[in-house]
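Protein chains in written order, with this note's numbering: chain A, 1 to 133; chain B, 1 to 127.
Simulated from the structure, these hints should not be mistaken for laboratory data. There may be inaccurate statements among the hints.
Which bits of chain B does chain A cover? Going by a derived footprint, with three or more residues having C-beta under 8 Å, they are [stated by the list, open to error]:
| # | region |
| --- | --- |
| 1 | 37-47 |
| 2 | 67-81 |
| 3 | 108-116 |
On a predicted model such as this, the values are computed, not experimentally measured, just so you know. By construction, the Cβ of each residue, glycine as well, lies at the ideal position given by its N, Cα and C atoms.
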Amino acid sequence: MNICAESSLRLRAELIELRALTPWLTALLAAGDAQAMYERLELALHEICVNVVEHAYSGREGFLDVEGLVHSDRIELRVLDSGHAFDPASYQPPQDGIPQLHGYGLMIVRQLVDDVVYNNEKGQNSWTLLAYR
Amino acid sequence: MDVTGIQMTEVPITGAPISIEASSATNEAIVTVSGRIDAVEAPELREEFDRVLAGVIEAGRTGILVDLSRVVFIDSAGLAALVRLRRGCLASSIMLTLVRPVSEDAMRVFRLTRFDEVFTMRTGESP
């Protein structure tokens, strides 16, 4: 499939830096004529990046590299970091009807996109979000 | 402090301006939050909610109404601040009610997490 638009963004691992995601994603989707996907992807990308800052880096200095590809049939967003690895086995999804303080970020992401893939290779984490148009 | 024990405050933070007032008609504190409630704003929001809850308990008020009608974005950290307030209210027998965000984007998070079934929510807009 053809690539309609692509872009990348490097952010320091600080929450305030994540405010740059909104204009970046807006421009990417506009360039790929995929503005209709914005609401789903903004929140999903934001939640992944918050998790990286708060859990992978946990206050340590570092960077997030965000990459976006708009294809004619789908959008791929990838977040790369060099923080602590995510342990999928440790993730406890919240239970219905029992409000918790943590654990909702990934639950929200999984409902907003069609696929979420996490990988850790040679100390680098990657989160890939896939959403069909 | 006014007669209700709730200090009128305007919190100068970028994304989520918060104002707090008291309603003598309903014996509840009304907390109005607008803008963006995300992980950046959540710590300040938590502190503000703590202050409101303490003021409500001290003044003998029976409820807190958090008006989210003008919130345009809320993430899991913002939800966590509301969950924390809910716990404090339950522990002190304070009734917590949320006014639904008008923004569909903001409301979506409540639906995805089913918090719209957990919190007491009503429709209504800020005056």
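Closer than 8 Å, Cβ to Cβ, for at least three residues: run that test on the region 37-47 of chain B against chain A and report holds or violated. With 3 residues closer than 8 Å to chain A, the region 37-47 of chain B meets the three-residue bar; holds.
If you count the residues of the region 108-116 of chain B with a beta-carbon closer than 8 Å to a beta-carbon of chain A, do you get 3 or more? holds (count 6)
Holds or violated: the region 67-81 of chain B covered by chain A, criterion of 3 or more residues with Cβ-Cβ distance under 8 Å? Answer holds; 6 residues pass the 8 Å Cβ test.
Checked against the numbered hints above, the structure breaks none of them.
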